[in-house]
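Asks: Can you build the whole structure from these sequences, using the hints too?
Protein chains in written order, with our numbering: chain L, 1 to 460; chain B, 461 to 920; chain A, 921 to 1380; chain Y, 1381 to 1840.
Don't read these hints as lab results, they were simulated from the structure. Some clues are possibly wrong.
Simulated crosslink set (DSS-like; lysine-lysine; CA at most 30 Å straight-line) [what the hints assert, rightly or not]:
#1 1297/A / 24/L
#2 1297/A / 1274/A
#3 975/A / 515/B
Number of protein chains: 4
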Amino acid sequence: MISLSSKLHEECGVFGIFGDDVMKPASAAYYGLFALQHRGQESCGIAVSDMGVLKCRKDMGLVGEVFSDKDLEALNGHMAIGHVRYSTMGGSCVENCQPFLVRHSKGRLAIAHNGNLTNAEELRGELALDGAMFQTTTDSEVIAHIIARERTRCGSMEQAVANTVKRLKGAFSMLVMSPRKLIAVRDSLGFRPLVLGRLGNSYIFASETCALDAIGAQRIRDIEPGEIVVISAEGINSIRDNCSGVRKICIFEYIYFARPDSVIDGIEVHASRIKAGRLLAQQYPANADIVIGVPDSGLDAALGFSRASGIEYSVGFTRNNYVGRTFIKPEQSQRRASVDIKLNVLTPNIRGKKVVMVDDSIVRGSTTVNIIKALKKAGAKEVHVRISSPTIHWPCYFGTDIPTREELTSNHNSVDRLCRLIGADSLAFLKVESLCELIDSKEKTFCDACFTGNYPDRQG
Amino acid sequence: MISLSSKLHEECGVFGIFGDDVMKPASAAYYGLFALQHRGQESCGIAVSDMGVLKCRKDMGLVGEVFSDKDLEALNGHMAIGHVRYSTMGGSCVENCQPFLVRHSKGRLAIAHNGNLTNAEELRGELALDGAMFQTTTDSEVIAHIIARERTRCGSMEQAVANTVKRLKGAFSMLVMSPRKLIAVRDSLGFRPLVLGRLGNSYIFASETCALDAIGAQRIRDIEPGEIVVISAEGINSIRDNCSGVRKICIFEYIYFARPDSVIDGIEVHASRIKAGRLLAQQYPANADIVIGVPDSGLDAALGFSRASGIEYSVGFTRNNYVGRTFIKPEQSQRRASVDIKLNVLTPNIRGKKVVMVDDSIVRGSTTVNIIKALKKAGAKEVHVRISSPTIHWPCYFGTDIPTREELTSNHNSVDRLCRLIGADSLAFLKVESLCELIDSKEKTFCDACFTGNYPDRQG
Amino acid sequence: MISLSSKLHEECGVFGIFGDDVMKPASAAYYGLFALQHRGQESCGIAVSDMGVLKCRKDMGLVGEVFSDKDLEALNGHMAIGHVRYSTMGGSCVENCQPFLVRHSKGRLAIAHNGNLTNAEELRGELALDGAMFQTTTDSEVIAHIIARERTRCGSMEQAVANTVKRLKGAFSMLVMSPRKLIAVRDSLGFRPLVLGRLGNSYIFASETCALDAIGAQRIRDIEPGEIVVISAEGINSIRDNCSGVRKICIFEYIYFARPDSVIDGIEVHASRIKAGRLLAQQYPANADIVIGVPDSGLDAALGFSRASGIEYSVGFTRNNYVGRTFIKPEQSQRRASVDIKLNVLTPNIRGKKVVMVDDSIVRGSTTVNIIKALKKAGAKEVHVRISSPTIHWPCYFGTDIPTREELTSNHNSVDRLCRLIGADSLAFLKVESLCELIDSKEKTFCDACFTGNYPDRQG
Amino acid sequence: MISLSSKLHEECGVFGIFGDDVMKPASAAYYGLFALQHRGQESCGIAVSDMGVLKCRKDMGLVGEVFSDKDLEALNGHMAIGHVRYSTMGGSCVENCQPFLVRHSKGRLAIAHNGNLTNAEELRGELALDGAMFQTTTDSEVIAHIIARERTRCGSMEQAVANTVKRLKGAFSMLVMSPRKLIAVRDSLGFRPLVLGRLGNSYIFASETCALDAIGAQRIRDIEPGEIVVISAEGINSIRDNCSGVRKICIFEYIYFARPDSVIDGIEVHASRIKAGRLLAQQYPANADIVIGVPDSGLDAALGFSRASGIEYSVGFTRNNYVGRTFIKPEQSQRRASVDIKLNVLTPNIRGKKVVMVDDSIVRGSTTVNIIKALKKAGAKEVHVRISSPTIHWPCYFGTDIPTREELTSNHNSVDRLCRLIGADSLAFLKVESLCELIDSKEKTFCDACFTGNYPDRQG
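Replies: Next up, the structure:
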């Protein structure tokens, strides 16, 4: 069996709903967050506004663990925002859970946000010098401080948010809930997804369309990069001062993060993965008996490879669906090779075969080594590895948990050398130039900085 | 999104290990039970024998929830048995968890068992009249009583077990641990699987080979129907007095219960499901654009159907992997159709297509109705349903949780009528006569009573 | 501050009620057990009979921790029995919690019992040889086995109980609940208390009268030693075949175990403690400024000493009421003297004073050493220790957790030597001959075996 | 049995230690808070400074419930502050637990505080207008904001604290921990106690001396009203700019709140209660057979009454020590009188007696009604009630949870009328003029505003 531990991680997902004509907003948020659970499994929370009074329930744990019937009953209100969180280093504690609620001079405010500010430390320093005090280590608290201060100076919450956004750098798809308004914001490059939907007379914002499907809502459109959408009893209103038409969606949303049934900025995620497999088959054909994918994220690309190459699609692994947060691994250090737990090779399918194995990425390389070792042990004659993304070389400042450059195996090894190191018979990565094709785009409307080092916020 | 609630359920899985030369037995049992978790998610337990002293830890919950590092540390011993349990009606309480430990006149005894006795009530009555007292409602307690009584009369535990087995009717794959011996028993028709493996100098028994793989052990052979295998410091010994060569393995182990990477009685489970799909394609071809499977158990047969028919294999659904035991469903009664949670249709793949949808069985029919409704709503032009098992008509007395005859939709509806009821464009079930082919058998070496009403223990 | 850890422990308390005209039986049991909590803090449980169906809720923990509103709501029924438990060595686990429920040939049975059988091992052996199987290490299971066997042979539950009682040796105040009857039994020497009360038309059994007070019930009378009282829809009935008129109530119930507001076998516990203090003052006067008691059990005797001697009653210690089961003691091993936690000396009352300190017993002596050290540190000029019980020399076979003879300090030291060891200025114990006076008895109607070694069940 | 629910409540207790030469600071705080548990049972917390890094563990619950061995192990550091909390209306949630930790421009800060600001809302408003943002509803957050802002302007933490204190009105005994300093502050009237102690080379601050005793520390002196004491590696330093020599300690600390073994501002609490009883006996003698106290806080005054009057001191009630936070009260609404749970009358002591019953205060009067009813039911011939404090008429703004004026029974009833209402044969309260004598003071060095309405902060 094989470990799957060294994957990249997304940092968050958000959900918001204004209106209770079809469902109780807290219930809608519950289902929505559940559908977004793949974007963050560490903590979750839901805040509601009940006749102007904000309430919140949040804790460490999965959506199904944190919320009881009683919790949802208590969360009355005509709107709600919710959040699921995966956290990087050090910040894994209940204080950092979102939504983040504060009181300021003009009332209350709740924030749920996905992404990473690149100037958070700078802003934190400025605020502290001005007397601000911090109780968490989150970007959300920094943003809340600025909104709170702006709000003392300007006439409306949307204006305070608009002023705030001008000071923020980096990636953020963010929901702000005041007692009577629900405001959605997407940074001017649109690194992280954010979609608008509708259910009856209620409006919904969500990181991905799968959260709309979860409550039977219809997708209206994606929030534009730089756009601020304000929903209140008066209706829906959009502020586009900050929209430049430039788009830099994180390409890894398509390759790995998003759920395959989601549609992001108009592009079907599943289809983009099928296409990645097709491109690999065209660019790096292999002489093999079967094509298999590494579950779950490699399966779609493997199917695309099979279709383009005509090589039979087969099942290489059985995945154990029961690995939860509390799973311990007794004696594992001594016996890594044999007692890993998430994947088991389906030996009869592999024995004596020349295999194309498709996966979504190679980060540290250790997982791939183990998987290939297991395939060879099961009797694979050859293992040809095809990766549906380019080689990763650069850190991400926009909310993906990419390890240090030191840890990225592609910074130490050429593809040839890496092929030998992981024990593969051939190895190929999707070409950087092919990324456009994944999303049917002629221009580079996405961020590929982790592959190229071209950070979109540093460009002209 | 679509509910997946009305599936059949297996009742249990067992694991046993004698020897600690490679791994601590409790740790091995932990990994083994984790791999068998699909056989029972309600409760689990591990008992060890430490220099003749038996200890046990068991509780309601998944393997990953019940056992802490500390629990496993405390479970010292040179052998262990473990159990995962799914329970039918009424018996869902901590008293009924297994392994079941007792003290008797000659010492201690632990039992873990998978299956259902058909004469449990009769035996319980006889024992009670003889003064026996019961603290649980399990078959295990009945068996333990008989062993305990036999043990006062005969010279060895294996003899007591052998005498006991003669009185038991029905299905049982059972592990008995005395302070110094580990004994495996399989009923004379072999309804439930039980396999023998080896890791270093340690012997292992498990319900399925995937549990052997989980600890890096090698499969030696399946326990024969009627066989008793005794392992002690003196080595391994087999009692075959009760072996008649007849085999009646539950065919649903291949169709649905077992993990696809397991090999049961020498037959690969995944391969038998691929074959079921092939047979359906040959027997009931369809004019369609794509073939999809209902996750997870319909996927293999769908792939077989695609291969035999040449129709493109596609992905019809995204499965949410985070539905756990604590998931609640607020407001669901009002909004069943839209807020179900486990499956979401991958609309772009379905829209405008003629679809073959493969699933493993139809029990009550309600799940199938919802799935087809969702496919049609996503724009499927036609939905041709192919079921990789025959129609179910009869209850199971051997450990499968089949509902009453009343609830089985095939007892009320012809296939044609059912096709209209579920809203399919065509519907076909695997032929009963084809079941032999699933396991490459010329004779009927399996139990198909749920399809035919021919209960193997009532024959000749 | 001073530790109070080395006290004697009572093993159990029982409560039963037949009838629901005034209160729900489970609620009554809850309040009753709460009032009996001092008799056992390790585990507790309540079983009810609902139209002949027995149900039970039991777990480790205090009454206030184990039972939720929901638990009590679920425990419907027209009668209930309950139990609080303190366990000696090894048996502290959920399996051993009471009440103990079993199924036998004629139905169901629940037992709650207080006391210790002296022939439990012998009975267990006989039963095992006859094929009985044991799942716990409790006397209750032994008793249940015998009742279950007797019940197969005789026409009524009360007859089965009566036959069973004849085989039991030792101490037991026991409640047996069958689907339609509530039966109370007290061993023929009446070691442990058991009282009958009434609330409206409901009958109640309880270890102490304070449990009757807790629900507003009236005491009718104590169950006689050897008596069996049967309550059913037909009314109350008494079987006295086994009553010999001999009484051997544990004298420590008066000295320490029972709550001071209880009345046991007609004698007020508080009054007997006041009297013990008076006797000490008369027998062993002291020249002192104040009399103080060690909380809580020494306070009453201290008051008695003060009244008889005319020496001023004062407060020597403040007790911390918040020490619970989960209290940990970091760093205590290194710093025993200073960081003990339950008691703090009220220094201003002690400074410069000659003090009479009254406590209920000296077991190992270590607690007394610490207390005297603390009083001297607080400035006591002299400390005269008066113990309201004789010196303890013998083990108890009847349900009191007295340590081994080795550990009893009075087996190694004369009173004079012990006085020097504990650092007291004088030390005296109540005379064995005075015990009669505590309960206003002319004969020895109590067990004093722990002081004298005269075990009442070995006499005559 | 009798309820004790309608008592006054103290709001908090604090503990701080600088130095780890004798004990680990977190362990010392654990023992110290445990001794202060009577000052707040709702939540508790400990923060440490480890080489300048602040860490905290806090949660709802008792000290013994919140902290595990593992928690204390993780709380390394050379100093610690801790807090126990009782909260009034609305604020009972984990966010409001203390100590309160923040990051500001110059580093980190932890606060634990006891008392109530009277200008908190005003300060909160000013801060909010200046852009401050609030995450809790506590005074502590307001104070932290001001300190954080002051700290950006001035050169040291002690100066920031000194500047802050000038803006605060009301009652506060407060500990501030920066990475390298421990600072204690007491408001200029000294409403709440705060004492300085020493253990080896470590300094300790605590609300009461009983917390010093708990770790074997010596009391040095009380912090003066208005004093700021700063402890760092450089030693101990005192800032007395704000000390005016005026003292207004809350007199209820002596009457009821503090533990009897504590010494507050040099006065022994137990002795002051004995004296209150003596004064009552002198001012309001009674013709009675016995004097009893209502446990626990009425016992000392009852003893004083007995000594001054010569009437025999007796025990009127048995208290159940096991009532915890989770105790439920099934069916109580219907049966209030009989199934209350904390106190049971010791009937034999009461029957036929003329009784003086001493209690510390009458707030709503309902408790007293129930107690007298129970005494009369137990056969008391007469019940003469003596209260060791004056009648309560006014709210407290300084941290005592006194109900509204409406709810205070003394605002609706003369003493005579109240006597009849509660069913007593006579009733008397301590004279306001006698309060000075409780603490051996000639001047009014205490706050008695709840009796007189003379709020010390509004005078001259």
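Asks: Please go over all the hints and tell whether each is borne out by the structure.
Replies: Hints, one by one, checked against the model:
1. 1297/A / 24/L: Violated - the C-alpha atoms of residue 24/L and residue 1297/A are around 66 Å apart, more than 30 Å.
2. 1297/A / 1274/A: holds (13 Å)
3. 975/A / 515/B: Holds. Residue 975/A to residue 515/B sits at ~27 Å (cutoff 30 Å).
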